[in-house]
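Visitor: Each chain is listed here by its residues.
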Amino acid sequence: MRVLVVGAGAQGGPCASILSRDSDVSEIILGDINLNLAKRVADRIGSEKVVPKRVDASSLDSLVEATKGVDVVINLTLPRFNLNVMRAALKCGAHYVDTASGPDLDLHPIDYMVGKQLEMDEEWKRAGLTALISCGATPGLTNVLARYLCDELERVHEVRFRVGEAPVRKEKVVKTWNPGWSPEVALLYRSSPAVVFEDGGYKRYPPCSGVEEYVFPEPVGRCTLALVDHEECVTIPRFIGKGIRYVDYKNVVDEIAVVLGNMGFASNEPVEVGGVKVVPRDVLLKLVKPPVNEFLTESEETIKSRPPDYVYCTVIIVRGEDEEGSVEYRLIRGPHVPSVEERLELFRRFGTELIGVALPAVVGAKMCVEGRSESGVIAPECLDPREFLRRMARAGAPVKFRKIVIRETLIE
Amino acid sequence: MKCLKEVDCLGSKALIVGSGAQGRVIAYFFDRDEDMELVKLTDIDRRTLDYCMKFYRKAETHVVSAEDVETLSKLAEDVDILVNAVPVKFNLKLMEAALKAGTNYLDMAFEYRDFEKIIGLHEKFRSEDLTALVAFGVSPGLTDVVVGLAADELDGVEEVRILLGGREESDVVYTTWSPEIFLDDCTRAPMVYEDGEIKYLEPFSEPEVVELPGVGKVRVYAHPHEEVFTVSKSVKGVRRVIVKMGGEEMDFLCTLYRMGILYKDAMVRGRKVRIDDVEVDPARLILKFLPRPITGEELREYVERGLIREVKGTVLVEVKGLKDGRRCVIRSYSPIPPIREIVEAVPLANETSYVTSLCAYTAAKMVVDGSIKSRGVLFPEELTREERLEFVKRIGAFRPPIKVKTEMSMDLN
Numbered sequence: 001m002r003v004l005v006v007g008a009g010a011q012g013g014p015c016a017s018i019l020s021r022d023s024d025v026s027e028i029i030l031g032d033i034n035l036n037l038a039k040r041v042a043d044r045i046g047s048e049k050v051v052p053k054r055v056d057a058s059s060l061d062s063l064v065e066a067t068k069g070v071d072v073v074i075n076l077t078l079p080r081f082n083l084n085v086m087r088a089a090l091k092c093g094a095h096y097v098d099t100a101s102g103p104d105l106d107l108h109p110i111d112y113m114v115g116k117q118l119e120m121d122e123e124w125k126r127a128g129l130t131a132l133i134s135c136g137a138t139p140g141l142t143n144v145l146a147r148y149l150c151d152e153l154e155r156v157h158e159v160r161f162r163v164g165e166a167p168v169r170k171e172k173v174v175k176t177w178n179p180g181w182s183p184e185v186a187l188l189y190r191s192s193p194a195v196v197f198e199d200g201g202y203k204r205y206p207p208c209s210g211v212e213e214y215v216f217p218e219p220v221g222r223c224t225l226a227l228v229d230h231e232e233c234v235t236i237p238r239f240i241g242k243g244i245r246y247v248d249y250k251n252v253v254d255e256i257a258v259v260l261g262n263m264g265f266a267s268n269e270p271v272e273v274g275g276v277k278v279v280p281r282d283v284l285l286k287l288v289k290p291p292v293n294e295f296l297t298e299s300e301e302t303i304k305s306r307p308p309d310y311v312y313c314t315v316i317i318v319r320g321e322d323e324e325g326s327v328e329y330r331l332i333r334g335p336h337v338p339s340v341e342e343r344l345e346l347f348r349r350f351g352t353e354l355i356g357v358a359l360p361a362v363v364g365a366k367m368c369v370e371g372r373s374e375s376g377v378i379a380p381e382c383l384d385p386r387e388f389l390r391r392m393a394r395a396g397a398p399v400k401f402r403k404i405v406i407r408e409t410l411i412e
Numbered sequence: 001m002k003c004l005k006e007v008d009c010l011g012s013k014a015l016i017v018g019s020g021a022q023g024r025v026i027a028y029f030f031d032r033d034e035d036m037e038l039v040k041l042t043d044i045d046r047r048t049l050d051y052c053m054k055f056y057r058k059a060e061t062h063v064v065s066a067e068d069v070e071t072l073s074k075l076a077e078d079v080d081i082l083v084n085a086v087p088v089k090f091n092l093k094l095m096e097a098a099l100k101a102g103t104n105y106l107d108m109a110f111e112y113r114d115f116e117k118i119i120g121l122h123e124k125f126r127s128e129d130l131t132a133l134v135a136f137g138v139s140p141g142l143t144d145v146v147v148g149l150a151a152d153e154l155d156g157v158e159e160v161r162i163l164l165g166g167r168e169e170s171d172v173v174y175t176t177w178s179p180e181i182f183l184d185d186c187t188r189a190p191m192v193y194e195d196g197e198i199k200y201l202e203p204f205s206e207p208e209v210v211e212l213p214g215v216g217k218v219r220v221y222a223h224p225h226e227e228v229f230t231v232s233k234s235v236k237g238v239r240r241v242i243v244k245m246g247g248e249e250m251d252f253l254c255t256l257y258r259m260g261i262l263y264k265d266a267m268v269r270g271r272k273v274r275i276d277d278v279e280v281d282p283a284r285l286i287l288k289f290l291p292r293p294i295t296g297e298e299l300r301e302y303v304e305r306g307l308i309r310e311v312k313g314t315v316l317v318e319v320k321g322l323k324d325g326r327r328c329v330i331r332s333y334s335p336i337p338p339i340r341e342i343v344e345a346v347p348l349a350n351e352t353s354y355v356t357s358l359c360a361y362t363a364a365k366m367v368v369d370g371s372i373k374s375r376g377v378l379f380p381e382e383l384t385r386e387e388r389l390e391f392v393k394r395i396g397a398f399r400p401p402i403k404v405k406t407e408m409s410m411d412l413n
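Protein chains in written order, with my numbering: chain A, 1 to 412; chain B, 1 to 413.
FYI, nobody ran anything at the bench for these hints, they're computed from the structure. Treat the hints with care, as some may be off.
Stated by the list, open to error - Straight-line Cα separation of at most 27 Å, DSSO-like style, residue types lysine-lysine; simulated pairs:
1. B:Lys320 to B:Lys264
2. A:Lys289 to B:Lys272
3. B:Lys236 to B:Lys13
4. B:Lys312 to A:Lys286
5. A:Lys286 to B:Lys288
6. B:Lys233 to B:Lys13
7. B:Lys272 to A:Lys277
8. B:Lys199 to B:Lys264
9. A:Lys170 to B:Lys217
10. B:Lys405 to B:Lys373
11. A:Lys289 to B:Lys320
12. B:Lys217 to B:Lys312
13. B:Lys403 to A:Lys277
14. B:Lys288 to A:Lys289
15. B:Lys320 to B:Lys288
16. B:Lys373 to B:Lys312
17. B:Lys264 to A:Lys277
18. B:Lys403 to B:Lys323
19. B:Lys13 to B:Lys100
20. A:Lys286 to B:Lys264
As the list claims (entries may be wrong) - If you only want the chain A side, here are some residues facing chain B, beta carbon under 7 Å, derived:
21. Trp177
22. Val252
23. Ile256
24. Val259
25. Val273
26. Gly274
27. Lys286
28. Leu346
Claimed, not checked - Distance ranges between label pairs, derived from CB positions:
29. A:Ser267 to B:Asp155: 55 to 65 Å
30. A:Gly325 to B:Arg305: 41 to 51 Å
31. A:Val399 to B:Glu169: 49 to 59 Å
32. B:Lys288 to A:Val211: 24 to 34 Å
33. B:Ala189 to A:Tyr310: 33 to 43 Å
34. B:Lys405 to A:Glu300: 50 to 60 Å
35. B:Gly306 to A:Val271: 29 to 39 Å
36. A:Gly325 to B:Glu301: 51 to 61 Å
37. B:Glu169 to A:Lys242: 41 to 51 Å
38. A:Val211 to B:Arg57: 24 to 34 Å
39. A:Pro206 to B:Lys405: 55 to 65 Å
Bear in mind that the values here come from a model prediction, so they are computed numbers and not experimental data. Glycine residues also receive a C-beta, built at the ideal position from the N, C-alpha and C atoms.
Make the full structure from the sequences, and use the hints.
Guide: Here's what the structure looks like:
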């Protein structure tokens with residue numbers, strides 16, 4: 001199996017590393033606009049299977065040239081390039097996987113996925129190929145888990161995602177803004193309208209709407225959550241069906257991003273400052289330190305000396321009906337702070353512990369190549385969830401969760 | 001025509017220089033004071049004066065530049081006190097005008113680099129039998145009075161900490177400060193008095209979370225403020241003096257500072273960042289985004305419409321020292337009166353200008369009516385104990401009052 005990974009950044013590196021240790025994979029072309037970065041990542045992985053290549057994701061020609069002869073393309077660039085990478089894959093007869101559809105520039109999942117990516121469904125079906133979109137951690141694994149719960153029900157009324165987080169160590173008195181990933185995307189998340197699937201249609205709410213306090217198991221505990229522009233709300237109602245009336249997604253409010261957004265720093269509209277016109281977002285992004293590519297410096301030593309910053313907990317709530325009547329399922333994943341031993345084991349197995357997004361993408365890509373997916377443009381909830389989770393476990397990263405069934409009971 | 005008798009001060013006059021946020025409110029207090037015959041209010045801008053005049057009964061206005069010592073000293077000749085409510089760069093000029101006119105003087109802040117020059121005028125004012133009260137608002141001002149009162153209780157003062165903070169419950173983002181001044185204050189080096197000297201720190205240094213009575217937990221940061229100079233000069237033997245300030249805006253500016261968007265001395269230095277083909281100063285962009293201060297009338301409207309529901313703020317003064325050989329801490333705090341009462345009492349005021357101007361007016365009035373008999377250039381803590389107690393009594397009797405509560409805790413063993 002030959003794979004093209006587009007983008008050698010924070011996710012592309014781990015993805016190539018995971019693939020390089022997979023005996024089914026014979027070659028990984030690691031493409032990036034920055035050939036030097038691709039080379040450094042390939043050196044860090046240290047496998048002959050990884051071939052760095054200069055690929056410009058904004059150029060269809062460049063993508064087509066790199067895609068020729070590969071079985072699947074895993075796109076780990078920014079969402080703005082999704083359509084280009086999809087077109088190149090379709091043209092070259094390769095399957096396609098990405099891990100996000102926005103927000104990016106002025107693209108939002110609701111417009112981008114429904115309007116553009118899913119619109120290509122017929123073409124992909126005709127070609128007998130699969131484009132698996134949004135198959136990372138969340139969206140991705142979350143979609144698979146939601147499907148796993150929905151399989152228990154005959155009718156699904158609503159699906160709710162609640163994602164909490166807490167710092168592992170006591171926070172410093174003063175925080176700076178460290179979104180932990182692309183500052184641009186973090187800023188956009190909190191200044192973009194959030195999409196909720198409601199009464200059979202998509203509805204947009206202002207940024208940071210629907211604030212609620214949610215109590216997660218310790219050590220995450222109580223979190224202030226708000227609606228966010230997330231892919232699950234777009235694809236789940238479309239693919240799971242079963243009469244779904246409501247899907248929303250809430251995660252922890254990045255207060256600093258919100259205030260920056262409210263102040264005007266997320267704005268794309270030029271403002272005049274001291275006689276010149278500038279776009280506030282450009283000024284902010286120019287000055288915010290870009291996230292560090294942890295993959296490049298990762299080693300057993302750094303794992304021992306750098307404990308994880310945050311601990312997460314995901315709760316998926318599905319309400320609906322089965323043959324016994326109304327029922328609610330809750331799936332709780334985490335919170336779990338991995339020990340140094342667990343993290344070292346991941347590192348030894350995959351060459352990286354940063355597998356959260358990359359491993360579901362690899363599992364999804366392999367299911368496409370091995371004919372375990374329908375053709376067309378699909379989302380992770382279209383894959384067999386048990387098969388997907390078995391493959392995660394077989395790869396060495398079992399997905400552990402608790403499942404709670406709540407059923408109103410009356411004995412007469 | 002000086003009025004020095006405590007009871008008979010009918011027919012007194014005051015000159016308020018500057019009709020900005022403070023001056024217009026101080027003028028309002030004097031305007032409504034039955035002992036006062038006349039209030040003269042000046043400004044460089046006629047429109048500002050005309051706007052303020054809508055609220056007064058016996059004030060008269062004069063368009064004068066604060067730099068025009070000649071005209072101001074003429075205007076000050078028949079008044080009992082000149083109150084300086086213009087930016088600190090004019091202080092020395094206005095002190096000169098007061099001396100020239102032979103009248104008393106009060107201001108609410110000073111330029112730190114002028115500290116020695118200001119002290120240097122002490123003999124001149126004293127020999128003229130005049131009082132110049134320097135830095136007499138709420139903080140600095142009331143804070144210094146409270147430090148003085150606490151110091152009286154102790155045998156020796158070791159450390160003075162002044163903590164300022166607040167929190168609003170509001171649907172509108174608003175400010176009571178000029179954004180330029182707030183940004184300038186926040187990006188200048190804060191100081192601490194330590195080891196017998198004033199040291200300068202980085203902006204937003206020494207962050208800590210403190211519990212402010214009536215406000216709750218607030219993250220405060222070292223902030224440049226007059227008390228570091230005045231308390232270290234006036235309270236003998238004090239080893240450490242620091243002022244810390246906090247609140248949501250401070251947190252946010254601190255974040256911007258740590259992100260590298262805001263930088264030290266941003267308002268005086270300037271810095272350019274190249275974005276494509278233009279150069280821009282990120283601090284000026286922040287300035288563009290900061291809300292403009294609202295007028296008293298707007299504030300009143302927002303309060304009445306329920307958009308601004310509660311404004312909590314407090315000044316906490318912590319004085320540590322020894323008493324009868326035991327370690328002792330005196331904590332005094334003064335919460336801002338309820339915002340609804342403030343806007344009803346003084347239509348021109350916001351919460352900041354109300355407390356600042358009430359303190360300034362009260363001290364100025366005490367000079368006018370002879371309750372303050374100390375002469376020379378004085379910081380609030382340098383008044384006599386009787387004068388300080390009278391001041392605290394008066395602001396506590398006003399409607400709405402600024403109450404000062406004090407708690408003392410002492411190690412018994």
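Visitor: If you check each hint against the structure, which ones fail?
Guide: Checked against the structure, the hints that fail are numbers 1, 3, 4, 6, 11, 13, 15, 16, 22, 28, 31, 38, 39, while the rest are satisfied.
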